[in-house]
Amino acid sequence: MTKEYFLPPAFFNEIEVFAKKEGLIEVLNVTNKHTNGTIFLEPWECKILLNIAKFWRLKAELNFPFWDAEHPHYNPEHEEAFFDAQEETWGKIAMTFPETPDH
Amino acid sequence: MVLRNDVFTVVTPNNLWKEYSLQDGLYRCGRPTHPALKKLRLGKDIHFALDPFVNEELILPHPKMGISFGDSIATLKKQPVSGVAWILPKYKILPEGLLFNYRDKYHPLLNVSRKMPATELLAKLNELSKLMTCTNVRV
Numbered sequence: 001m002t003k004e005y006f007l008p009p010a011f012f013n014e015i016e017v018f019a020k021k022e023g024l025i026e027v028l029n030v031t032n033k034h035t036n037g038t039i040f041l042e043p044w045e046c047k048i049l050l051n052i053a054k055f056w057r058l059k060a061e062l063n064f065p066f067w068d069a070e071h072p073h074y075n076p077e078h079e080e081a082f083f084d085a086q087e088e089t090w091g092k093i094a095m096t097f098p099e100t101p102d103h
Numbered sequence: 001m002v003l004r005n006d007v008f009t010v011v012t013p014n015n016l017w018k019e020y021s022l023q024d025g026l027y028r029c030g031r032p033t034h035p036a037l038k039k040l041r042l043g044k045d046i047h048f049a050l051d052p053f054v055n056e057e058l059i060l061p062h063p064k065m066g067i068s069f070g071d072s073i074a075t076l077k078k079q080p081v082s083g084v085a086w087i088l089p090k091y092k093i094l095p096e097g098l099l100f101n102y103r104d105k106y107h108p109l110l111n112v113s114r115k116m117p118a119t120e121l122l123a124k125l126n127e128l129s130k131l132m133t134c135t136n137v138r139v
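Protein chains in written order, with our numbering: chain Z, 1 to 103; chain A, 1 to 139.
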């Protein structure tokens, strides 16, 4: 069932730049559906956007592997950079689209 | 007052804890040392305009935008975010000029209730941070 969501257009712009660079046609088909941030999506389309968020999180974990204070090689600079990336790029996407159908 | 406009709902501060009466507070995925309310992400979390008469951004209310919170630690854990859960405990009163709105109740968005300069919003977020406590729960 289609449901209405809102994600600020700035995020859609960033996803589109990434999808074009990587040739992710189905991602572009989803992002092309938004109008000024408002978008109507099926659950499987939400999953595509969540997967972008997860991909960016994984990339940040690879870039800054010592971000976690409990890591034996914890590095405060990695922590700062990891959280900056989360708050700037995937955090909002991750919170906007439901991970589970009961949401 | 709770304004239900189509599918987006604006909750005035007086009604916040009636609207979230079943929760013990509202949660934010923050950093170990603070609830990540120190920076403004203009155009991403916050709606803004450039005021020609003031040499800084003017923050504007927007019923669909806002800084992400969750209605529970479980919600934060379900979503692909990492960090530490901070709580705005139930019955805490929001600083004047702030309110929550939401599309989905599990994802309340912190917003401004009136236009204000960016520096004023930062001061209010700092005030809000002092009302929040770290749960020490990792998400």
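Please keep in mind that the hints were generated in silico from the structure rather than gathered at the bench.
A few of these clues could be false.
[As the list claims (entries may be wrong)] In silico lysine to any residue, SDA-like type, Cα no more than 20 Å apart, as pairs:
no.: 1; chain 1: Z; residue 1: K3; chain 2: A; residue 2: P63
no.: 2; chain 1: A; residue 1: K38; chain 2: Z; residue 2: N13
no.: 3; chain 1: A; residue 1: K44; chain 2: Z; residue 2: E70
no.: 4; chain 1: A; residue 1: K105; chain 2: A; residue 2: V7
no.: 5; chain 1: A; residue 1: K44; chain 2: Z; residue 2: L50
no.: 6; chain 1: A; residue 1: K115; chain 2: A; residue 2: G97
no.: 7; chain 1: Z; residue 1: K54; chain 2: Z; residue 2: M1
no.: 8; chain 1: A; residue 1: K78; chain 2: Z; residue 2: C46
All figures in this text were calculated on a predicted structure; none of them were measured in a lab.
We went through each hint and held it up to the structure:
| no. | hint | verdict |
| --- | --- | --- |
| 1 | Z:K3 to A:P63 | holds, 17 Å |
| 2 | A:K38 to Z:N13 | violated, 24 Å |
| 3 | A:K44 to Z:E70 | violated, 30 Å |
| 4 | A:K105 to A:V7 | holds, 11 Å |
| 5 | A:K44 to Z:L50 | holds, 17 Å |
| 6 | A:K115 to A:G97 | holds, 8 Å |
| 7 | Z:K54 to Z:M1 | violated, 23 Å |
| 8 | A:K78 to Z:C46 | holds, 14 Å |
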